[in-house]
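Colleague: Construct all of the structure, not just a fragment, from the sequences and the given hints.
Protein chains in written order, with the UniProt record's numbering: chain A, 1 to 197; chain B, 1 to 197.
Check before you lean on any hint, since a few could be wrong.
Identical copies look the same in the list; a pair holds intra-copy or inter-copy alike.
Each computed DSBU-like pair below joins lysine-lysine, with the alpha-carbon atoms no more than 30 Å apart [unchecked claim]:
no. : residue 1 : residue 2
1   : Lys9      : Lys23
2   : Lys113    : Lys171
3   : Lys23     : Lys171
Think of the hints as simulated: they come from the structure by calculation, not from any bench.
Note that the coordinates shown come from a computational prediction; the quantities given were computed from them, not determined experimentally.
Protein chains: 2
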Amino acid sequence: MGTVTAPWKQLLLNALESNSHLKHSSYFQLATIGSNGRPSNRSVVFRGFHENSDNILINTDTRTRKIEELKHCPFAEICWYFTDSWEQFRINGRIDIIDGSNPDSEKLKIREKSWFASSPRSRLQYLGHYPGLPHLSEEPQETSVDPSAGPVSEFCLLVLDPEQVDYYNLKTNLRLMFTSTQSQIGEKCWTSERINP
Amino acid sequence: MGTVTAPWKQLLLNALESNSHLKHSSYFQLATIGSNGRPSNRSVVFRGFHENSDNILINTDTRTRKIEELKHCPFAEICWYFTDSWEQFRINGRIDIIDGSNPDSEKLKIREKSWFASSPRSRLQYLGHYPGLPHLSEEPQETSVDPSAGPVSEFCLLVLDPEQVDYYNLKTNLRLMFTSTQSQIGEKCWTSERINP
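Modeller: Below is the structure:
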């Protein structure tokens with residue numbers, strides 16, 4: 001079965017390439033809807049695409065507020081601004097939460113893969129104190145992880161399935177809106193239109 | 001009357017100072033709730049604080065989607081990441097929309113001041129084609145503005161009144177949560193707590 005690459009994905013891969021000298025080029029802002037109905041927004045790290053798809057991977061801790069928020073409302077919008085090439089991607093879609101209790105063994109494999117793809121130092125974060133609770137102790141709970149051990153229960157993978165992408169190049173003033181539709185056989189198809197900035 | 005500076009404001013002023021060599025340090029991501037109930041997220045430019053207050057100013061076009069969204073739900077969250085000092089500010093609050101039809105003459109003065117504070121080049125943007133509509137023409141509608149002319153009707157000032165600020169320093173791992181309360185005489189008071197990152 002052939003894979004059709006989403007037309008905005010090549011633009012994003014180009015932006016990642018041309019900004020790769022900047023550590024922060026893999027950071028983007030993820031907006032969700034808070035449990036109080038207000039918007040919520042934070043920086044997270046891009047962990048790549050799932051295989052050849054256009055689904056975006058994000059690692060997080062099951063104890064963070066965004067998990068509770070996404071269980072209430074699975075929709076999110078990424079705002080990703082590339083500071084060197086002056087390009088912005090607004091990626092709207094639905095997020096699938098994959099924690100250790102997921103019944104789908106295929107999904108658990110993707111979660112495990114993302115765990116091992118992250119550095120031992122970032123794996124350590126999941127062994128820390130409960131995020132967002134009052135800070136009571138300076139002592140870290142753990143100082144090392146067994147590099148061969150699988151994901152801890154706090155480790156959670158988020159998979160964002162994009163439905164609409166708003167691309168804007170501030171240098172050329174080009175703005176493109178990419179919209180997906182489902183074909184009759186359930187395949188995702190993308191259309192694009194040039195719109196006013 | 002004395003003005004009490006919000007405790008997080010000094011941290012933000014320090015971050016602006018230490019990142020001021022980077023043009024993009026004045027850009028942040030503003031999350032709102034879309035008319036379809038989904039999160040919406042885009043980069044906007046920081047236009048300073050309103051006088052000595054902790055209210056954040058943002059210039060925008062009345063024809064952008066965020067105006068419609070904020071009329072439905074006035075709450076927003078800023079996520080502001082400083083790429084050189086590795087500091088993140090998540091600023092949650094309510095937005096007041098000040099367009100040319102505002103009945104409050106004091107607010108209209110603030111709007112006018114923000115118009116004249118912006119560069120002639122950024123003023124030109126408000127004379128362009130309708131943002132987000134299909135791009136039909138390469139020709140810009142206007143190529144110059146009279147520098148002494150007041151704000152055009154498309155020019156809109158947003159004033160965000162912060163209620164909660166989540167500060168996180170990725171270098172030191174310090175995370176502070178600032179929460180505001182209203183005193184009995186209607187003054188805003190801030191409390192802060194160190195929380196786990």
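Colleague: Tell me, which hint numbers fail for this structure?
Modeller: Of the numbered hints, all hold.
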